[in-house]
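For what it's worth, our numbering labels the leading residue of the sequence shown as 2, then goes sequentially.
Honestly, the hints are just simulated from the structure, not real lab data. Backbone N, C-alpha and C fix where the C-beta goes; we use that ideal spot for every residue, glycine too. One thing to keep in mind: the hints can contain errors.
So the derived label-pair ranges between C-beta atoms look like this [what the hints assert, rightly or not]: (1) GLU180 with ARG24: 26 to 32 Å; (2) SER147 with ALA99: 29 to 35 Å; (3) LEU69 with GLU180: 19 to 25 Å.
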Amino acid sequence: MAIIAVAVTLPEMTAPTVLRTERLVLRPFQSGDVEGALSYRDDLEFARFLPHIPQPFSRPDAEAFVALNMSEPWERSPTFAVVLEGSLIGTVNFEVEADTRTAMLGYAIGRVWWGRGIATEAAQAAMIWAIETFGLLRIWASTDASNIRSRRVLEKLGMQLEELRVGNQTRRAGEVIDEVVYGLNFTPRGKTTGYPFRASVV
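Based on the sequences and whatever the hints tell you, model everything.
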């Protein structure tokens, strides 16, 4: 069982935040992230299960992507730029429902860095922060049923398969596909049983 220590810079509970893990920095997006976003997102295989990402992914697309992430309200839609050795390599984000204390988790890591446990490490760190910050009772995520890599990440995060939504999504070429929903529920103190790692905010 791994122990993940996450360093948190938290001037206000819902202010833009910086997280640090053993390998990664998770931080708010900056105007200088356009080149990095263009580099990893202009990749058809990366975007295979992400039909909302244009392909080819142009500079204007990258500029719009960075601008959107910089403007999203942190208290509802916090989006972290995932940085490895100074390079932007992906994102982790939440859509927070304060009334129900739930959040949808999203993540995307550039293809060059697949197979190194980075998506799991980044999502773990962000989840710890989100649970502490928003007092979450539930985190959930969905993905294409055939996206085995993403499903493995969700399982490593301790999430359980909850639902199969038949014909619920459409791929880039118009193919109708099935979607799976995973979830993880917490007690009011943010604890849960069966978590696959121990983690602390430091």
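Run the structure past the numbered hints and jot down the numbers of the failing ones, going up.
-> none
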